[in-house]
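For the record, the sequence lines run as chains U, E, C and Y. Residues in the first sequence are numbered from 59 upward in steps of one, following my numbering. Residues in the second sequence are numbered from 59 upward in steps of one, following my numbering. Residues in the third sequence are numbered from 59 upward in steps of one, following my numbering. Residues in the fourth sequence are numbered from 59 upward in steps of one, following my numbering.
No lab work stands behind these hints: they were computed from the structure. No experiment lies behind these values; they were computed from the predicted model shown. You may find that some hints are simply not true.
A pair holds if it fits inside one copy or across any two, identical chains being indistinguishable in the list.
[To be verified] Below, in silico cross-link-like pairs of lysine-lysine (DSS-like), each with a Cα-Cα straight-line distance of 30 Å or less:
1. Lys391 - Lys89
2. Lys198 - Lys393
3. Lys152 - Lys385
4. Lys354 - Lys198
5. Lys152 - Lys378
6. Lys103 - Lys378
7. Lys138 - Lys385
8. Lys103 - Lys385
9. Lys354 - Lys103
10. Lys354 - Lys89
11. Lys198 - Lys89
12. Lys385 - Lys89
13. Lys378 - Lys89
There are 4 protein chains.
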Amino acid sequence: MSDLQRDLRIAVLGVGMMGAFHADALATRTKGARVVVVNDFAAEKAAEVAARVGARVVEDPIAAINAPEVDAVLIATPGKAHAEQVQACLAAGKPVLCEKPLTTDEESSYALVQAEAAVGRPLVQLGFMRRFDAEYAALKDLITSGGLGNPLLVHCTHRNPAVPDFFNSEFMVRDSVVHEVDVARFLLDEEITSVQVLRGVATSSAPEGTWDPMIVVFETESGRIVTDEISVRTGVAYEVRTEVVGETGSAMIGLDQSLVRTSTDGRWGGQITPGFVERFGQAYDTELQRWVAAAKQGTIDGPGVWDGYAAVAVCEAGVKAVQTGEKVAVALKAKP
Amino acid sequence: MSDLQRDLRIAVLGVGMMGAFHADALATRTKGARVVVVNDFAAEKAAEVAARVGARVVEDPIAAINAPEVDAVLIATPGKAHAEQVQACLAAGKPVLCEKPLTTDEESSYALVQAEAAVGRPLVQLGFMRRFDAEYAALKDLITSGGLGNPLLVHCTHRNPAVPDFFNSEFMVRDSVVHEVDVARFLLDEEITSVQVLRGVATSSAPEGTWDPMIVVFETESGRIVTDEISVRTGVAYEVRTEVVGETGSAMIGLDQSLVRTSTDGRWGGQITPGFVERFGQAYDTELQRWVAAAKQGTIDGPGVWDGYAAVAVCEAGVKAVQTGEKVAVALKAKP
Amino acid sequence: MSDLQRDLRIAVLGVGMMGAFHADALATRTKGARVVVVNDFAAEKAAEVAARVGARVVEDPIAAINAPEVDAVLIATPGKAHAEQVQACLAAGKPVLCEKPLTTDEESSYALVQAEAAVGRPLVQLGFMRRFDAEYAALKDLITSGGLGNPLLVHCTHRNPAVPDFFNSEFMVRDSVVHEVDVARFLLDEEITSVQVLRGVATSSAPEGTWDPMIVVFETESGRIVTDEISVRTGVAYEVRTEVVGETGSAMIGLDQSLVRTSTDGRWGGQITPGFVERFGQAYDTELQRWVAAAKQGTIDGPGVWDGYAAVAVCEAGVKAVQTGEKVAVALKAKP
Amino acid sequence: MSDLQRDLRIAVLGVGMMGAFHADALATRTKGARVVVVNDFAAEKAAEVAARVGARVVEDPIAAINAPEVDAVLIATPGKAHAEQVQACLAAGKPVLCEKPLTTDEESSYALVQAEAAVGRPLVQLGFMRRFDAEYAALKDLITSGGLGNPLLVHCTHRNPAVPDFFNSEFMVRDSVVHEVDVARFLLDEEITSVQVLRGVATSSAPEGTWDPMIVVFETESGRIVTDEISVRTGVAYEVRTEVVGETGSAMIGLDQSLVRTSTDGRWGGQITPGFVERFGQAYDTELQRWVAAAKQGTIDGPGVWDGYAAVAVCEAGVKAVQTGEKVAVALKAKP
Ligand SMILES: [Mg+2]
Ligand SMILES: [Mg+2]
Ligand SMILES: [Mg+2]
Ligand SMILES: [Mg+2]
């Protein structure tokens with residue numbers, strides 16, 4: 059049996075909610091993949107997931123990466139651990155799918171861009187799974203095919219029903235807005251050059267000092283404007299919409315309109331997607347499946363380390379924009 | 059001031075819910091119209107409406123029709139009074155807007171067709187107000203302009219939230235399905251030749267012996283099929299939809315999708331039209347306004363006595379179809 | 059016949075597109091109203107409209123206002139004529155419905171606020187007809203009834219298919235954005251305190267130096283944020299949407315989803331409202347009908363002179379915001 | 059490695075469009091499955107698919123079923139070959155996923171019901187993949203959870219853009235309506251007791267003697283009514299809708315409303331699903347994935363042989379109903 063036919067043997071680092079979700083997807087829904095190593099700082103959690111997916115536990119993340127039976131690595135550890143772990147993957151020449159953020163500061167992110175450039179081939183893929191969602195893919199195709207003419211504006215909406223109190227405005231930028239950073243870059247195929255945050259009236263359920271909702275405004279290299287409403291305590295459901303306004307038409311995704319139900323309360327309509335699994339579960343599966351196929355060939359098939367670096371740089375400017383209320387420029391370093 | 063410029067002076071016969079609604083519309087929202095006479099078998103109700111619209115009460119309906127200051131007549135009395143009252147209008151040569159049904163049996167309806175033919179010009183307009191609704195008008199235009207190709211099928215849905223217990227299956231045909239009889243004839247521009255009623259499981263709120271919902275199937279002269287779901291105890295709201303399936307496309311009206319609201323219950327959607335006033339109030343106003351303009355010229359501008367007769371004939375066949383479960387042929391008499 | 063029963067006799071000043079539209083509506087669709095005087099600087103146009111509606115021409119606008127048979131005045135002349143004409147109406151104690159803008163500068167607008175205050179009762183109504191549109195009214199009701207909780211954000215979209223070349227960015231603010239200025243003030247029931255304009259990539263059909271589209275950002279007294287996308291050369295149709303995001307839910311109007319058609323090109327969907335008549339014709343009629351009823355009582359029933367002044371003040375700030383790219387504060391004078 | 063962990067080794071019989079689609083899905087998207095044997099009466103086609111999925115060709119279908127390395131069988135051969143092939147699977151005790159129809163006549167279908175009963179455990183799963191579609195599953199859940207109250211009516215719509223000329227009315231019943239037969243039985247959880255076919259005006263692109271569209275009416279054991287519009291030459295796209303009307307509300311799926319696009323032609327809307335792969339591709343994948351998991355345990359996870367038999371019985375009645383225009387009773391044999 060050739061190398062391409064046998065299963066890719068994967069180490070999963072970090073099996074909190076996201077990592078466990080990925081481990082299960084690799085074990086039960088991803089053709090050509092096998093989880094062989096599980097690592098987590100919480101020994102019990104690691105043991106539980108390892109047992110479920112038929113893998114062994116390795117206590118040290120770097121040892122897990124370097125384990126001889128490991129072909130590729132999925133990183134779902136906390137962001138502050140990413141820099142060292144991704145470096146280790148690059149050093150070992152092993153493909154890695156790293157959940158966002160790439161790292162927690164711009165310098166270390168750029169260091170990874172340079173490190174991968176030194177390796178000479180793409181090994182680091184970022185977990186921006188919306189690129190694999192059917193609606194975002196259709197929207198991208200529509201733009202690419204010229205169906206909207208030159209895209210002029212992008213309007214994004216990201217609403218969560220509820221979050222814990224530590225989800226302050228800076229956190230909202232780094233954890234939620236980061237998705238729209240990648241969506242904007244993906245759809246428009248250019249870099250973001252500034253960020254401004256409009257801070258209005260906060261919902262009463264937001265903790266003191268947290269602006270929620272906010273409207274984030276991005277400008278891009280060619281001068282396009284991207285708006286992003288980020289609300290994370292709506293009490294409603296998970297609403298993610300994107301509208302692109304082009305010279306010859308506009309298109310909107312995320313309207314949730316498939317199942318229409320009318321009931322005794324005299325309303326028509328349907329359930330709003332309750333959470334990210336219902337909305338993007340299929341995108342995650344597609345992301346993993348395509349990454350596995352690429353990793354067997356020693357490469358990636360999705361957003362790369364530069365996308366991770368750019369997102370970190372924009373989000374750091376975004377955090378400054380939250381704090382100052384001013385427009386903050388984003389100056390990316392040279393792309394290798 | 060010429061005759062066309064002065065207000066049309068109208069007698070309103072019957073001021074129950076529908077008649078009072080029309081009297082108010084004529085008095086407050088219909089340019090060029092004035093209610094001068096009000097008649098109702100309930101003296102108190104007549105006095106109340108007359109006072110509100112600035113008219114005098116005439117106790118006898120035929121005297122009201124023949125009052126010298128009356129230019130035209132609006133009939134909203136119970137159906138069994140229609141035959142004599144419409145005859146009186148024809149005898150007086152006065153334009154009349156008659157609420158459905160034209161009469162309560164086929165013979166007397168056809169007698170009015172003949173009576174109007176003897177007069178020699180159209181004086182009798184029927185209250186099938188959906189023809190004046192913007193959505194139905196757009197659907198008709200779409201068909202007429204060839205936008206759907208040859209129309210092959212029509213699917214109708216008519217759902218009421220609740221009705222009194224006397225609303226049995228025969229009543230449902232005569233009072234509700236009658237609207238779809240006219241819609242089908244209006245959209246397809248041909249006569250109905252048979253009726254069949256599919257009687258399934260009744261909702262638990264229907265009285266013993268009442269089939270609710272029913273599916274009524276019409277065939278037309280050219281062999282087209284029209285289906286009509288009639289449900290009058292849905293507990294939901296007022297839902298009236300029509301879909302036309304043509305050779306080159308289909309079109310649906312009645313989807314209620316203008317105001318979209320998302321709320322704490324995690325649903326998207328909006329209010330379903332609660333009742334006929336919200337759904338068709340504007341159509342009623344348009345019907346009256348156009349009838350007033352036509353009546354000043356001694357004619358009609360809407361469905362006429364033949365449409366009223368055809369509806370009665372089809373509904374009588376429909377009632378037989380309800381009772382027998384068989385397909386019942388409709389044989390219209392000669393059109394004068 | 060009492061004063062309230064006889065027709066309100068109206069002078070229409072300015073019968074360009076908007077004024078002629080109003081004159082026809084008053085003459086043919088507005089119960090209780092009669093156009094008795096028509097005035098326009100173009101004599102031929104005035105004669106034509108006067109003949110159509112059965113009125114006489116008065117060549118001087120101030121003489122038209124003061125004509126003894128005139129009960130009330132509708133002003134649809136160019137904005138720069140408004141200040142003097144509205145003053146004349148106030149001096150004559152005659153109710154006036156003035157198309158936007160109230161005047162072309164903040165000082166003269168505020169002078170009218172003071173002049174009306176000196177009269178002691180509301181006589182000046184502004185032509186912000188969206189307040190009479192069923193969807194905007196439903197949205198306002200939803201907010202007022204608490205159905206969305208505290209409203210936090212308002213997102214507006216205003217897209218025209220095409221405009222003449224003189225429609226530059228400043229004109230877009232004064233002529234189009236002005237509607238959203240009133241919508242925001244109407245829905246949120248508070249004043250706007252600053253304006254910022256985000257100027258991105260212009261569509262290729264915009265003349266040199268014109269930003270089209272723009273995103274206008276308003277802040278209100280309580281700190282709420284209102285965004286408004288204004289695009290006037292989309293090549294598509296007339297799209298006017300408003301979404302309000304509240305603490306407990308959100309609501310959107312303007313989705314155009316009633317008639318759904320599927321055709322040979324493999325798309326579902328329907329016609330987008332082609333222009334303002336189709337979208338707001340009914341609102342104009344309602345505005346006139348309600349104004350006529352109020353004017354008979356010597357008052358108004360809609361947005362007043364303060365609303366006109368506030369709109370002018372915000373738009374002037376908006377024009378500065380277009381030119382500078384900076385956030386421009388709006389400081390309203392004292393409300394009498 | 060345990061039996062449950064190693065790949066299920068599958069023989070695919072028939073690699074026309076459907077079979078090749080399944081073979082590719084098993085080889086590239088179905089975790090835990092491997093195609094080891096390919097069979098087709100067209101040797102070249104068999105060789106091509108076998109090469110692509112890494113399997114060997116076996117020329118005789120019964121030999122393919124009985125090949126020692128084969129754990130389970132997927133049958134996508136023409137319907138007339140099914141009876142013998144399914145019998146061989148049962149004889150070999152091997153799980154089989156059989157595309158519809160189970161067989162081409164009621165007798166042979168019932169014989170398989172009895173044969174499986176003799177084996178004593180479910181081995182035969184039918185390819186009614188809509189049960190695995192997210193929208194149908196949500197609709198089923200809604201009914202099962204009581205969200206609609208007692209379901210009273212089901213309205214189905216099945217529209218194809220185009221078909222070859224051999225797709226006559228009888229073929230439409232056996233090939234297309236058969237899906238709604240299973241949908242109705244699945245949603246209502248009871249058997250169909252009669253079929254009637256309403257044959258109206260045919261589209262001009264239908265060959266002489268073919269009724270297209272038709273409306274098929276089913277009655278169920280409890281007396282519920284199911285309507286099904288079947289149109290296979292609409293020239294539009296692939297439209298599959300189902301609405302369930304219950305005592306306390308109704309629900310509709312298949313509205314295609316996710317991606318909304320507005321363009322220069324002044325229409326809003328989106329692409330209608332162009333074909334079954336776009337509409338149900340995910341359902342097929344889910345069907346295969348779940349069948350593979352069940353087959354490893356020697357059982358099925360989806361519609362079984364009784365569902366296949368019932369569908370054949372109803373469709374045979376449907377074909378008679380097409381031919382006679384009468385209501386035709388369906389009398390199922392005893393369920394073992
Ligand atoms: Mg992610
Ligand atoms: Mg009526
Ligand atoms: Mg206006
Ligand atoms: Mg199938």
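- Within a copy, between copies, both or neither: where do Lys354 and Lys89 come within 30 Å Cα-Cα? both (12 Å within a copy, 16 Å between copies)
- Alpha-carbon proximity between Lys354 and Lys103, which holds within one copy, between copies, both or neither at 30 Å: Cα proximity of Lys354 and Lys103: in one copy and across copies (28 Å, 29 Å).
- Message: Please sort Lys385 with Lys89 into within, between, both or neither, judging by C-alpha distance up to 30 Å.
- Response: For Lys385 and Lys89, the Cα distance exceeds 30 Å both inside one copy (46 Å) and across copies (49 Å).
- Query: When no copy is specified for Lys103 and Lys378, does a C-alpha distance of 30 Å or less occur within a copy, between copies, both, or neither?
  - Reply: For Lys103 and Lys378, the Cα distance exceeds 30 Å both inside one copy (36 Å) and across copies (59 Å).
- Message: Reference check for the pair Lys391 and Lys89, CA-CA at most 30 Å: within, between, both, or neither?
- Response: Neither: 38 Å inside a chain and 42 Å across chains, both beyond 30 Å.
- Using 30 Å as the alpha-carbon threshold, which applies to Lys152 and Lys378: within, between, both, or neither? neither (35 Å within a copy, 56 Å between copies)
- Message: Treating 30 Å as the Cα threshold, decide for Lys152 and Lys385: within, between, both or neither.
- Response: neither (39 Å within a copy, 50 Å between copies)
- Please work out whether the CA atoms of Lys354 and Lys198 approach to 30 Å or closer within one copy, between two copies, in both situations, or in neither? within (27 Å within a copy, 40 Å between copies)
- Message: Reference check for the pair Lys103 and Lys385, CA-CA at most 30 Å: within, between, both, or neither?
- Response: neither (43 Å within a copy, 52 Å between copies)
- Query: How would you classify Lys198 and Lys393 at a CA-CA limit of 30 Å: within, between, both, or neither?
  - Reply: Answer is within; shortest intra-copy Cα gap is 23 Å, inter-copy 51 Å.
- Task: If the cutoff is 30 Å on CA atoms, where do Lys198 and Lys89 land: within, between, both or neither? Let me know, please.
- Result: both (26 Å within a copy, 29 Å between copies)
- Message: Checking an output row: Lys138 and Lys385, CA cutoff 30 Å. Within, between, both or neither?
- Response: within (27 Å within a copy, 37 Å between copies)
The earlier numbered hints that this structure contradicts are 1, 3, 5, 6, 8, 12, 13.
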